[in-house]
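There are 2 protein chains.
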Amino acid sequence: MYIVVAYDVSEDHVRNKVAETLAAYGLQRIQRSVFAGRLPPALVKELAEKLRRVTRGANADVIIIRVDKRALDTAVRIGPALPREGNVHLH
Amino acid sequence: MYIVVAYDVSEDHVRNKVAETLAAYGLQRIQRSVFAGRLPPALVKELAEKLRRVTRGANADVIIIRVDKRALDTAVRIGPALPREGNVHLH
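Which chain is which? The protein sequence lines are A and B, in order. The numbers in the first sequence follow full-length UniProt numbering, run straight up by one, and end at 91. The numbers in the second sequence follow full-length UniProt numbering, run straight up by one, and end at 91.
One should not assume that every hint holds.
Pairs involving identical chains hold if they fit within one copy or between any two copies, as the list cannot separate such chains.
Dumping the calculated DSSO-like pairs for lysine-lysine here, alpha-carbon to alpha-carbon at most 27 Å [as the list claims (entries may be wrong)]:
1) K69 x K50
2) K45 x K69
3) K17 x K45
4) K50 x K17
These are computed hints drawn from the structure, not numbers from a lab.
The whole structure should be built from the sequences, with the hints applied where relevant.
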């Protein structure tokens, strides 16, 4: 399944740890605090558990939302720092 | 359609303007830099145009991703600042 993960973490070291964890699961950073990518449902569950452990006790909020591949492909992207407008590119 | 909008904006006043714009379209803040909600496709297009204008010349990145209502309802949410774990609540 494809997922988008957005996080909001006050503590720098916890925020870095969250980003590292998401990258370790093969998700791609599509924004400063947003990752996206494809993961089997079992790994999404495992990832959620890991994020729960990583953020325990921290001022953290993480959301994992299931999305369609097509929805990612046709996402509207606004901003100058883009390779190409209109899409989220997963490699 | 339901959408999730995530933004990453360097300039405070532009970031505030983006948040105000999203709220003005009836979207709900579900994280510091993430809004979600339901909008007819025509209004999503209009919103994207407005965000393009608001962020013009700024160091800004905004993503609008289409999501299923069910995906929002079953989003995994991790964090202490929650009314109830497991869901994104749209009012």
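Checked hints:
| no. | hint | in the structure |
| --- | --- | --- |
| 1 | K69 x K50 | both (24 Å within a copy, 26 Å between copies) |
| 2 | K45 x K69 | both (19 Å within a copy, 20 Å between copies) |
| 3 | K17 x K45 | within (18 Å within a copy, 36 Å between copies) |
| 4 | K50 x K17 | within (10 Å within a copy, 35 Å between copies) |
In the structure shown, no violation is registered for any of the earlier numbered hints.
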